[in-house]
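**Q** Residue numbers (the numbering used here), protein chains in the order written: chain Y, 633 to 786; chain U, 240 to 438.
Hints are computed from structural coordinates only; laboratory data are not their basis.
Each hint should be verified, as a subset may be incorrect.
[Unchecked claim] Here are the simulated distance ranges between beta carbons:
#1 Ala282/U with Asp661/Y: 31 to 39 Å
#2 Val387/U with Ser772/Y: 35 to 43 Å
#3 Ala706/Y with Ser288/U: 52 to 60 Å
Computed from a predicted model, the values in this text were never measured in an experiment.
All C-beta atoms in this analysis are idealised placements derived from N, C-alpha and C, irrespective of residue type, glycine included.
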Amino acid sequence: MRRPNLAKCAVPAVVMSGGTCLFVIVAPDDTPMYDAEFPEARGKQREDTLHLNQLTVVHAALDMIDELVWGTQAMHLKQVDRFNDYLVSGFVTAGHVRFMLLHEAKNEDSIKSFFNDVYELYIRLLMNPFFTVGSKMPNSFDQRIRQLAKRYFG
Amino acid sequence: QLRHLPPTDYSGRLRTSDSLLMSTRKAFGSLDRKRNEVVSQSAFAFLFSELIQYSQTRVNTADELIAKLEDAGVGIGQRTLEIACWRDRTSKRETRMRGILQFITQTLWKSLFGAAADNLQRSVDLEDEYLIVEKDPLVNAFISSAPVNCAAFVAGIIRGVLEASRFPAQVTAHDNEEGATVYLIKFDPEVLQREKRQS
Chain Y
633 MRRPNLAKCA
643 VPAVVMSGGT
653 CLFVIVAPDD
663 TPMYDAEFPE
673 ARGKQREDTL
683 HLNQLTVVHA
693 ALDMIDELVW
703 GTQAMHLKQV
713 DRFNDYLVSG
723 FVTAGHVRFM
733 LLHEAKNEDS
743 IKSFFNDVYE
753 LYIRLLMNPF
763 FTVGSKMPNS
773 FDQRIRQLAK
783 RYFG
Chain U
240 QLRHLPPTDY
250 SGRLRTSDSL
260 LMSTRKAFGS
270 LDRKRNEVVS
280 QSAFAFLFSE
290 LIQYSQTRVN
300 TADELIAKLE
310 DAGVGIGQRT
320 LEIACWRDRT
330 SKRETRMRGI
340 LQFITQTLWK
350 SLFGAAADNL
360 QRSVDLEDEY
370 LIVEKDPLVN
380 AFISSAPVNC
390 AAFVAGIIRG
400 VLEASRFPAQ
410 VTAHDNEEGA
420 TVYLIKFDPE
430 VLQREKRQS
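In isolation and in its complexed conformation, chain Y is listed as follows (with noise of 0.2 Å):
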């Protein structure tokens, strides 16, 4: 898949408030499974903000991962890709479940232990034989992640 050349879109340049990150988790078919954005935006401007950037630079980043991917057996991918002045960093899982991080800030520790304390989370969830990639995910999910969030990030 070529990835596009995104110094020429015309889109405009990813619209986040400074110093927040967005954690998206990609099902093993490219399809999204969950999404957030820390700390969390507020209504209409949450579309907005989330639209743009999914469509834009996590999807670019995807194409990233997946040359990665089968170069390395390791499941922190550390930074995958750059986009003006966001950092994209991800992880896979061994079920190629890739966590993906868009933030500002070179933090590597910080977003490896929480990358670390997500996989556990999911693989919690992951037991539960009522759940399959590509359902819902809970509520009590979504709180522990933003918990996390919290705590590595502030």
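On the provided structure of chain Y, position chain U as indicated by the hints.
**A** Relative to chain Y, chain U alone:
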């Protein structure tokens, strides 16, 4: 003596100074396997026999029964892949055919059945086919007679692991001359193409 769990507010707010995950672990149990934590074989055999009988009433042919048993195993394969990798604590994934097959015959088999698989062979003529030989499948231990080899369930587990780790394959269970069960794994062409690019 009653065991008291630490108070956890189900809205997610912590009431103790423990970390979020510590309290989750205490309330819901650690994801790590406790020592000697096993499921009773009779309990499994009973449940498995019920699964087979349940499936038998809902199919018309032997092939459909095999398909149903395999499908029952796929979800298990996806889940045991993730949790076995997590428990390994190395944060590593398998990216080569050899690696994922070793993972299945060693780590996965020990986790599910208590011992590594008996044998892993590569088919002589075809480079996309591998065989796992199991002399006495644990799942068949208490099955005296059945219209099909119920190790199809295990074939489904293997397929679940392979599909989830992006090594799509067809996996089928067969009896061989010596009475052992052989799991035949035939990888999809894309796996071989990728493997060639990697070497």
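**Q** Would you mind marking each hint as holding or not holding in the structure?
**A** Structure-based check of each hint:
Hint check: Ala282/U to Asp661/Y, Cβ distance near 35 Å, so the stated range 31 to 39 Å holds. Against the hinted window of 35 to 43 Å, the Cβ-Cβ separation of Val387/U and Ser772/Y comes to about 41 Å, which satisfies the hint. Under the hint 52 to 60 Å, the C-beta atoms of Ala706/Y and Ser288/U, about 43 Å apart, miss the expected range.
Checked against the numbered hints above, the structure violates only hint 3.
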